[in-house]
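Q: Okay, here's what each chain looks like letter by letter:
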Amino acid sequence: MASRRMVHDVAIVAMGCTPFRDHWHSSADDLLVDAVQECVGSLPAVALDDIDAFWVGTQGSGMSGQTLARPLRLVGKPVTRVENYCATGSESLRNAAFAVASGAYDMVMATGVEKLKDSSYSGLAAVYPPADGTDVDWTAPAGFSLLAPAYQQAYGVGAQDMRSTLTKVAMKNHANGALNERAQFRKAVSAETVENSPRIAGQLGVMDCSGVSDGAAAAILVRAEDAYRYTDKPVFLRGMGFVAGSGAGLAVDGYDFTSFPEVVEAARQAYDQAGVTDPATEISLAEVHDCFTPTEVVLMEDLGFSERGKAWRDILDGRYDLGGALPVNTDGGLKSFGHPIGATGLRMMFECFTQLRGEAGIRQVPDARLALAQNLGGQPGSCVAFVAVLGSQR
Amino acid sequence: MHQQPGVDAYAVHLPAYALHDNRLDAIGPPRPGGPVRSVAAFDEDTITMAVEALRPVAAVDDPARRQVLLATTSAPYEAKTSAGVVHEALGLDPAVSAVDLRGHRCGASALDLVVGSAAMTAMADLRTTRPGAPDELAQGDAAAAFVGGGTRAATLLARAGHTTEILERWRLPGERHDRVWDERFTADVLVTAGLDVARRALADASLEAADHVVVSSSNARAAAALRRALRGSGADATIERATGFTGAAHPGLLFAAALDEAQPGQTILLLSATEGADAFVWRVGTGVRAARGGPSVREQLAARQTVGYGRYLRWRGLLDVQGPARPASPAPASPPMFRRSGWKYRLEGSHCDACGKVTTPPARVCASCGIAATGQPTAKVSLRDKTARVVSTTRDHLTTMPEPEVVIVVADVDGGGRLSTYATDVAPGDVTVGMPMRPTFRRLWTTDSIHNYFWKLRPLLPQALSGEGDR
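Respectively, the protein sequence lines represent chains L and W.
Residue numbers are given in our numbering: position 231 of the first sequence equals residue 231, and the series is strictly consecutive.
Residue numbers are given in our numbering: position 194 of the second sequence equals residue 194, and the series is strictly consecutive.
I should point out that these hints are in silico values taken from the structure, not numbers from a laboratory.
Nothing here was measured: the structure is a model prediction, and the numbers come from that model.
Incorrect hints may appear among the rest.
[To be verified] With a straight-line cut-off of 20 Å between C-alpha atoms, the simulated SDA-like cross-links for lysine to any residue are:
(1) L:Lys117 x W:Pro324
(2) W:Lys386 x L:Gly254
(3) L:Lys117 x W:Ala325
(4) L:Lys310 x L:Pro279
[What the hints assert, rightly or not] Chain W stretches covered by chain L per the calculated footprint, using a threshold of three residues with CB under 8 Å from any CB of chain L:
(5) 327-338
(6) 353-361
Just so it is clear, CB atoms sit at the ideal spot from N, CA and C, and this is done for glycine as well.
Just need the whole structure built from these sequences, with the hints factored in.
A: Structural data, given as structure tokens:
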């Protein structure tokens, strides 16, 4: 399959990220302005007008490139709006990266935003095209909760072990988020809190679900060879894979809900480009799409961090804790940092960027050199998946 | 085509639920031996019950010659033809016309029309009263199906009708419940009409009396008087006490129950006393056992689960409860429903000529091998009468349906194909990975006054058959 490194290597030279919150007093416009100002403001020699082209990712908080052009009052600039479910923020960065890699532009910006809390619904509400009415009206937790019974069945994991594993994922990510001033939830949680939370779908309670929040994030990208003109600590995009699933997992028999085949393929592409042959030992830290607790369990296997059927054991053993061999979701993840759809992919990049520059403070992973960002949208059996490998070295 | 009038095939659909108690503040068990009403689940209506009743018998004989008649007093749509949805779900030939019959007498009228032609009918009704009405437990939900154009089940020996204009049970458009006139007056009129038609029909059939007497009446007092006068065994009254009066379906339900038990060659007097009276005298056919589709009335009664009064009231929308903070499920749109009618109404997937896999919903390109069907339209395969086995399952606690939780399953169909859909007629905790299930036509939800019909999965056997019975 032709998925190669780009003609020009790409580097991220600046990023911004709002706190993810209930931003009752800010609009999507305000959040974008905040994220962009922080991003541009971190490069003393760069002004907004120096950026040649822009991408903005949002699922439902705006239409067209004007979602970004209007609040920033950009004049004469190309702005592209992208959407790819919960991988929207990653898609924004991916397309911006291609633009500098092609040589068409020297400096571009990727942004992502979502305003979820204005709807009065506590989950996600999306508008779909007119249809025949035969689709299950899934909530997102219902779709992802299918992973747990299938995983238990496939690997003979008992109900108590599965519950403990899901609880551990939630506790770990909340513990990490508690150390992060930008996270939505800044409190460690107990097993009792997780397990006694109101049921939402299947085995999942409220505390097995990611935080619904408002937020925005932004990144400035340039060709790698130009990076040191702007910062002495650029972060390099070493590999990147993206797959939009065919939906076969829900359309034909066979798929067993113990994996995201789209993630496996996107990871293969990213590792290949980055020269990663043993992700379990080579990756310093990973930001993964923990939309619901069982998602993170399955992802540890799809990304090659744990053997098939063993992730639950590794999670319970603390392998993915902040002080573990391969810290996962050091910033709190979707679970406690929050999940404003269009911003999430860039928020993951923001944590990788921060860690690779050694600026993560008490969350800092020692000697972080290679970070992974994995982002997905849709549901098990029919999803879109993004994986990137970022490095402190080119 | 000239044939003896008769019934070639029949079937009944009784919902999986029964209501024994309608006390709001019940302390202690309900009155023993009291009336029980048949309760359609929240996802059933006249159309879905008609489809379930007709499914096992609709394929009998050549469908191109038939009409499908839907007899009901509770059509889900006021202006739209409900029989059209039934027609589509059964996959009938477009040449078969779809006709709605309305009014309390229409069940008997439908039977009358079917026996003399190659038509088929579903008599289906869903009946509610105001909570606490005196006859709340005496009304019920059911559907019965009959196919004419043959005499395997029964030959019609004679019939007689009597039209009486009488204000007995009525309801204005938009109203939810029937109003009822003093039953002592209307019983008097209906008994007179009923005895008249029974005598005339028996005389035409040259019979003193029939082996089985079946009386259906919208007026319980009239039904009791007619059963006494015609010396019935009371078997019909026993069924009625377990279901309630099921409206337009009732003569069909009681007739079907009699056919279940009667011996070939015996005679049955079926009397419907509603807005006048209709009498039918039948001779039971030699093929009566083979003429029944699906389980008997007695088997279906035994398989029911008890539903509590609060749950019943929620299902019927008679108790307005707070749902989750979630937008209403989306209304389907007319053009996609029309384009995808094979999938939506008949549960057809596409069969790949290249790799043999079944793709659901049907698509031009196979979801397994990625090869596009060329030339001919994609081959279709119907999944609706096949068994599907659960691959994974979840319980949605934020459902917009009138239940605290509903079960969603992904299931693989024996022979190929995958369904992601809701489970129904089963307690949420009882659905397990690997469980075999069977498609059933249901109403998913109603948004913007559009009823959204599709297929759910229910356990292969009603739960009560494998576990507890009526509680």
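Q: It remains to establish, for every hint, whether it holds in the given structure.
A: So, going through the hints one by one against the coordinates:
1. L:Lys117 x W:Pro324: 16 Å, holds
2. W:Lys386 x L:Gly254: Holds, because 17 Å separates the two Cα atoms, which is no more than 20 Å.
3. L:Lys117 x W:Ala325: 13 Å, holds
4. L:Lys310 x L:Pro279: Given that 20 Å is the threshold and the Cα spacing comes to 16 Å, the pair holds.
5. 327-338: holds (count 9)
6. 353-361: holds (count 5)
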